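Number of protein chains: 2
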Amino acid sequence: MLLPQDALKYGKEENLIRAIAAYAGARAAEIGAENVFNFSIGNPNVPAPAIVTDTLREILDTVPPAVLHAYTAAPGLYDVRKAIAENLNGKFGTAYGAEDLYITAGSSAALAMAMKGLLLPGDEVIVFAPYYPEYTVYAECFGGVPVILKCREPDFQIDIARLEAAVTERTKIVIVNSPSNPAGSIFSAETIAAMAELLRRKQAECGHPIYILADEPYRELVYDAETVVPFVPNFYDNTILCYSFSKCLSLPGERMGYFLVPPRVTDSRDVYAALCGAGRILGYINNPSLFQYMLPACLDATADLSVYRRNRELLLTNLTAFGYEMVKPEGAFYLFLKSPEPDAAAFCERAKRFEVILVPGDCFGYPGYARLSYCVATETVERALPALKALAESYQG
Amino acid sequence: MLLPQDALKYGKEENLIRAIAAYAGARAAEIGAENVFNFSIGNPNVPAPAIVTDTLREILDTVPPAVLHAYTAAPGLYDVRKAIAENLNGKFGTAYGAEDLYITAGSSAALAMAMKGLLLPGDEVIVFAPYYPEYTVYAECFGGVPVILKCREPDFQIDIARLEAAVTERTKIVIVNSPSNPAGSIFSAETIAAMAELLRRKQAECGHPIYILADEPYRELVYDAETVVPFVPNFYDNTILCYSFSKCLSLPGERMGYFLVPPRVTDSRDVYAALCGAGRILGYINNPSLFQYMLPACLDATADLSVYRRNRELLLTNLTAFGYEMVKPEGAFYLFLKSPEPDAAAFCERAKRFEVILVPGDCFGYPGYARLSYCVATETVERALPALKALAESYQG
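Chains as they are written, first to last, in this note's numbering: chain B, 951 to 1347; chain R, 951 to 1347.
Because the hints were derived from the structure by calculation, they are not lab data.
Just so we're clear, the structure is a prediction, and the values are computed from it rather than from any experiment.
Careful: at least some of the hints might be erroneous.
Since the list gives no way to pick one copy over another, a pair counts as held whenever it fits inside one copy or between any two copies.
[Unchecked claim] The calculated lysine-lysine pairs, modelled on DSS-like cross-linking and capped at a C-alpha distance of 30 Å, are:
1) K1288 <-> K1339
2) K1100 <-> K962
3) K1032 <-> K962
4) K959 <-> K1152
5) K959 <-> K1032
6) K1041 <-> K1278
7) K1152 <-> K1100
Model the full assembly from the supplied sequences, consistent with the hints where possible.
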């Protein structure tokens, strides 16, 4: 077969998370959705805030279609980018402008553009496990070499000594996802500062920039009032921010996000241009215009996060009582459970017997754990508790 | 600078068409939009049909946001793909199914996925000039070698003898854009049949598939009742169709299109998988969901094409009378004018003195011509006629 092996592989590869979600769907059809406790996917159950729908309606009523649905500039409408930049400036004391931003089809598109726009063949991309599986797809397919580093247990912070040992002359990118999928951990200011100090030293040694890609789709999904998610660009100049509105506005299907190349990035205009060129190469013309028009009114809105807060509390309290060990989730909407047996896939198979659907950590480069997505109705969590209890007890027999 | 040269080049490169459009904008600010005759861009002036807005409103009123804005399957909602397939089947006597289609961010994304999904390093991509400039961007950046063949003058059909001479053992893709941007020509059934026969013979000789990418964003923009745009997959099995709703529904900013891998393509499931894998690699998760929901109701709608028909008639009649030579445009909304002087860029510069904004054919790999986009208000065409006349006369002095 004369087709590119990477495309064929990633197209044919059983996407395990989707396969598990498909099983959950089939099982729901069989025994009723209310009898299946599907914790497999990160598709928010909480609806988008009303301002999203209201704004979309208002735009349809007021902006003439020939204007509304026209091509925009490739990086997006200037005024929309300006509004996003000013919103960031208000929150983080920065001085970004429209010209530093590019509106993308979610964080995934931003990450793909960043890797295509930065990587030369053989460049190394450091990824902290557990990780979102597409990181290594983009890294590999755009010529890079993924270097996987396990987070430090039990707090799932970056292991700075391990990072120091892993940085080489070919290190080009370090991906930092906080709050993280699937661990739900937030890298502390101390961790980020230590990483920044290390990378500055390594940059000086190797004589070329090392970029942090800060992938932050879960920034707003934080549950303790005192928790602060460090804003990585304020710690380290060569940070490119990849953001998504999928989770905070419950709009994952609409593909809205952006990348930001702060002016303090080395040769920032060239880096911005390379990422723009990457977007062009990857077939992006501009992000859908109706949703661009929507954004400025919604920058300070979020979906009702209290549902996730309630789910998290319920699960943390009860699962701990049932004897499970887990990473304490500070953000996002995932619980990363330690598997009661060494093989997490076997644990997830056994969970199915109790109609509990989980994803083995192997999917995220981290065997021995399983991901429980709690972006579901609280009622689902409540009704799942006896099953989760019975599952735990099945190991204590 | 340690950045990939292709990304940097395509990001920094002055996009000449956008630069010309920017000049038109600046000039309009200076002397009033009504005094600038901006024929530079393919951004439809005719609004989307009312059914688009009506359907969007109805969806916002009836589909719960947590469903409406959720992730869809990567290729798109099954029922939407089924509706598109059935619409094609009704029009072309085919038997496509949802599983043959993948909803993309316009035809550009479909083309990028197809080239990433098909090309191995050194594979040749035949492109007929004049051509949409992104064809060679995708071909080059995904490892291919663009091979540019001029169309036959004066009818701008494919020159079959030239094609025969150009096909080699490394030919993998032939891009066929009809109705075409920028020539507005439609390849006849005779042309397509001859090309198909030639490519079947060449496939047999070289022992591997040669794919036609049929890029058809202008399929519905045809002006003579008797003109038929041949449906390439019915002429040649190894055809992958790339379609866009940008022009027929006047929705270029919303990025809706699809690719179709017909079951008659050699190893069609592998080819489909490779294109899916390419989409994943390029950072596409799913095309925006609201507009997916909109599509089924709008598959037989078009924007009011009578505006373009009127503009075309007005321009053809008058420009011919003024002494211009041009390709007779059968479709799309472009006139490809022969430059009255050998250097089309100089002609376009001179046109600016008459406040007429055109794009030199050099941008489309075809020097000596200039593109006039007539997707503008008819009033603009009417008021531009004296300027176009004076421009012609300036050469006859």
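Hint check:
1. Taking CA atoms no more than 30 Å apart as the test, K1288 paired with K1339 passes inside one copy only; the shortest distance there is 15 Å, against 78 Å between copies.
2. In this homomeric assembly, K1100 and K962 come within 30 Å of each other (Cα to Cα) only inside a single copy, at 27 Å, whereas the closest approach across copies is 38 Å.
3. In this homomeric assembly, K1032 and K962 come within 30 Å of each other (Cα to Cα) only across copies, at 21 Å, whereas the closest approach inside a single copy is 41 Å.
4. Taking the shortest alpha-carbon separations for K959 and K1152, only the inter-copy value of 28 Å comes in at or below 30 Å, while the best intra-copy value is 35 Å.
5. In this assembly of identical chains, K959 and K1032 lie within 30 Å of each other by CA distance solely across copies; the values are 26 Å between and 40 Å within a copy.
6. With identical chains, the CA atoms of K1041 and K1278 are at most 30 Å apart within one copy only, with a shortest distance of 26 Å there and 57 Å across copies.
7. For a Cα distance limit of 30 Å, the shortest separation of K1152 from K1100 inside one copy, 20 Å, qualifies, whereas the shortest one across copies, 52 Å, does not.
The structure agrees with every numbered hint stated previously.
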